[in-house]
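Protein chains: 4
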Amino acid sequence: MIVVMKVDSNEQEIASVVARIESVGLKAHLSRGVERTIVGVVGQVFPELRDMLELLPGVDEVIPVSKPYKLCSREFHPQDTTIKVGGFTIGAKEVVVMAGPCAIESEQQLLETATAVKAAGATILRGGAFKPSTSPYHFRGLGEPGLELLARVKTEVGLPVITEVMSPAEVELVARYADILQIGARNMQNFNLLVEVGKMGKPVMLKRGLSATVQEWLLAAEYILAQGNSQLMLCERGIRTFETYTRNTMDISVIPIVEKVSHLPIIADPSHGTGKWYLVTPLALAAVAAGADGIMVEVHPQPDSALKDGAQSLTFENFHLLMSRLKLVVEAVGRCLASPSVKVES
Amino acid sequence: MIVVMKVDSNEQEIASVVARIESVGLKAHLSRGVERTIVGVVGQVFPELRDMLELLPGVDEVIPVSKPYKLCSREFHPQDTTIKVGGFTIGAKEVVVMAGPCAIESEQQLLETATAVKAAGATILRGGAFKPSTSPYHFRGLGEPGLELLARVKTEVGLPVITEVMSPAEVELVARYADILQIGARNMQNFNLLVEVGKMGKPVMLKRGLSATVQEWLLAAEYILAQGNSQLMLCERGIRTFETYTRNTMDISVIPIVEKVSHLPIIADPSHGTGKWYLVTPLALAAVAAGADGIMVEVHPQPDSALKDGAQSLTFENFHLLMSRLKLVVEAVGRCLASPSVKVES
Amino acid sequence: MIVVMKVDSNEQEIASVVARIESVGLKAHLSRGVERTIVGVVGQVFPELRDMLELLPGVDEVIPVSKPYKLCSREFHPQDTTIKVGGFTIGAKEVVVMAGPCAIESEQQLLETATAVKAAGATILRGGAFKPSTSPYHFRGLGEPGLELLARVKTEVGLPVITEVMSPAEVELVARYADILQIGARNMQNFNLLVEVGKMGKPVMLKRGLSATVQEWLLAAEYILAQGNSQLMLCERGIRTFETYTRNTMDISVIPIVEKVSHLPIIADPSHGTGKWYLVTPLALAAVAAGADGIMVEVHPQPDSALKDGAQSLTFENFHLLMSRLKLVVEAVGRCLASPSVKVES
Amino acid sequence: MIVVMKVDSNEQEIASVVARIESVGLKAHLSRGVERTIVGVVGQVFPELRDMLELLPGVDEVIPVSKPYKLCSREFHPQDTTIKVGGFTIGAKEVVVMAGPCAIESEQQLLETATAVKAAGATILRGGAFKPSTSPYHFRGLGEPGLELLARVKTEVGLPVITEVMSPAEVELVARYADILQIGARNMQNFNLLVEVGKMGKPVMLKRGLSATVQEWLLAAEYILAQGNSQLMLCERGIRTFETYTRNTMDISVIPIVEKVSHLPIIADPSHGTGKWYLVTPLALAAVAAGADGIMVEVHPQPDSALKDGAQSLTFENFHLLMSRLKLVVEAVGRCLASPSVKVES
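Chains as they are written, first to last, in the numbering used here: chain A, 1 to 346; chain B, 1 to 346; chain C, 1 to 346; chain D, 1 to 346.
No false leads were mixed into what you were given.
Which copy is meant is left open, so a pair is good if it fits within one copy or across any two.
In silico DSS-like pairs for lysine-lysine, Cα to Cα no more than 25 Å straight-line:
#	residue 1	residue 2
1	Lys327	Lys93
2	Lys6	Lys27
3	Lys67	Lys276
4	Lys202	Lys93
These are computed hints drawn from the structure, not numbers from a lab.
Sequences and hints are given; from them, build the entire structure.
Written out as structure tokens, the structure reads:
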């Protein structure tokens, strides 16, 4: 932590800053510049210290220099995290494809979709039973019966499944059915929920909040890792900007950023990231070209009858097209598509 | 709902759109312009319809014309909502002042602060027992013991209290102690939590999410109202922008907007809205000048020793100054400060 | 400037950073923390140094500690800048009101409006002859004939005038007619234009760019001051956020921020800041409550026939109402409205 | 244009809206819904009409349904625009690579860089002689002598050149040297400049403003096309968001959006788009995977001694690596890299 003094701060003010730092057991290190004096804080700083020092007279600014996250940081954990699910590995050379309907609507819809996406090469089935909805008047998912459908289709088709959990009280229930627990964007800072999924021994995918900075996202990841669960992957799904053409602005740059500052795998969701089906394929290709470890895509037998997010869902035909184009780009960046698993634990 | 056809859409495409609308029991109303044809949807539209129509060939755009919220809309409920708490009324002529520490740290800290803010004219005591924290390594509140301190100080000092609830499972517990339940910005779209507080018969204050649009905020309010709880007020606490000088950008314009489109009272929180104590007073004055029904301000006996948010907390002296300046502006806009309540229900 | 080394940086990397700093004639000051080493740069740093150091191996981050602006900084120039225009002073106790049509349309429109706003207490007449327009098909102002109308009405009514200049080549022309030269938001970083207005001996009002940070705005101001023109005031007119209800989000917090970090007067423009006439009055009151030195408001004889920005223009009646409410808030914060000037230099 | 009436609007208000529409020679088309009445405006609407109607009593909202741009719209001009420069075509199957230093510093720096980027496969040389700078104290380019160096190196190395023009008065001068005129992000709405470059018969590249919506960008393009210059390409270079890790957030989604709504070629600039050299390659690959017609990249012999933007510049070695990886992705999406031109018109 660095304390930048004001240009006109006096000796007494500098002395007070030094005294305050020493009063909490740390060392102060003075550096007198041409214009300003700077006081470095040496020792194990604690977060409240920033506010404390910023309020002292003569202080212009306090700048933290340590990163507030450790467990998810590549500086402290240089090796890539890899996660084994259903016979393949996320975060290694293979690129995974999670596909399926936004919301589970019926056994037929889910079964048809699962069969189609597996045939096209998808490796994980997605499908929501608990769905967040901005309006209380919209469809919010089938709930537990949806999870049961998911379990049945999973065994029948032979694909591991990812599904969302929205409430701390439902974590145990959802974990009974899911191979990967998904935390949605709106719950990225639902801290009680993060703690609960951190306690389960299951892989987790944490979506980035709509207006979360990289640092906040990594701190949310830190909540999960701090509970002892290291099977964590991140997922970019678009951020909020001033642009109104798309539902969100997909932040492709965050993919190489996460790869640089963290060891966690990074997935891209171009369906939510754009909100428009005709943007899904170009953004999926872009994500993989930028280094994503996988993509998550919404697919529906009849998008124009979907109960949720039809406008961003691909038809079977378009998903098939996406997969054939994706394969070429995946190989162009020296990776390969994960093969659909033969055996799935049930 | 209005369907805008593409410039080069043909008769068959228009006919399909009309047929789709009629197939769900609604009427289509054609309007042929110089450049484009527009199809109006007449009847009780449902939200999924938008996606459905947008996916049809020849359609350029689908524009909703009804507001997605009803219960919180002034169009459907022209009279102001007023909420009685501790002997005065929120949302009427009186302007209320909620003040206290960000987090409850100890009985002494809370008691001292409550006594001081009441003496200066505050009408409601704030103080958090459950605190959201972006980092798992920061102080997250005293929990239930904090609520007990709040109850004790409330009776001793004679001020109604507002405190945050973060989890559906804790709503009942917190409601036993609080006069007003607060939903924090990060939980604005924690839909399960909204439903739970909607079921309690207690006044609720719903903070705006960091990147929530007015419409999303009102839809979150709609969740609470839809459960039958009409004692709801909103609170602006700053939104996320590109500016880094402040922690957030306080959106003062939302105060008259809420007043225009909704009947719910609106409170302003310049402490979180700015993140810097020296901006709290000017923004509090601005909020009231723009029509806010109240302000919420963080006060601490020694901000430079606070366990949370010291940098945005006022000292007793600065809070006293704020109150004297606030009184003048409140009167300049034809309102008055609510008087500290004599009796508090306990 | 502070160089933060990576956690795993080695002695050789630290030595290279020190050597690089010394190679450009500055001193390096090492501070070894528990986790990281920090290198302070002592001496007169230059802007390119940041990039240079950031590229060296082992460097995690380079943090500037000096502010990049000097002339507009309160640290280096503690006294308030005040500007005399038409018999009163901007930036002192008086609050000025600039009012008039967005665009000058005709002599009658301008004369009527000028007479009305003066009668209601406005102190400066605004009116655009050169108008930026996002579309090439919209009205872009009358040009020089508009300036001539402005000159005629100025003398007839007796109000100093402010008008926009959009191009370096037109600065001299506009300066012949204007008492205050206005730089619009879209031209805040039109650096050639800033240099040209900096060369004139006339007061200038620099609007904040739609997505400009405070620092970028002050650096744009620095361009003007660096040419020797110290008669400069700033104007907040709304920034771009994700919110779509308003045209822009008016940033009221920037008013006390500018007052803290700079000595330049600060004006607020709630007409552009909101884009909706019914938000103009509450935001004007808020701006003054937060410490603005003046407001700029669009007024039109018949907003629903205006050639530009009718939706954000006040009628004469609404402007009159605004002035009576403004007076009360201005006095509540211990200031007074500037009186309409008796004599105007022509 | 669609006028949405308020829920409680009465017959007289509806009649006034109709009368206003007819008074300007257009037709009104009523559509009475369950909740609201909607009035369609039929005929050639003009932009001021929106404000005019929005101000009438009983009106809730006015929604434009025509796009405000025509010349750059794919609806009105379905064929792709292609631009021939130096023996290859921009906007067709070939992907172009523009590379070179941010700012021209010396003949040696430019010549070395031009030679290196050509050897690695670049097809156009970039280099700035007039440089925008947020601070008046930073390097702002060599000016005309820089253009002369550019001309010399162009002939010597045999690459067409692109360079920025910042002021209407300098358009003619810069056009004498440049094969492509570049309009920078900060000048996207410098409307006088747009008009001037529109008058030249030279190819133009228009960068997106830092906070420009797609619509504003296309309207800026429309300014140039409206002057009769159809040799126009667009360039995405990052937008401003709340994220502070990168200088800007590169909006990859805008690439397929521009392809859908416009016929103009689209280039991506990952150097400015990210501000960090180690993000340039992944974002360049992503841009091309998403369909970009070319990329623009900053290259410098010694980035850590660059006078401008060193932190985002690639070394020769890293540029070479980028080109070899780019080639694979370009081919994976069914395109090819443009071959360095043999002959350059001088």
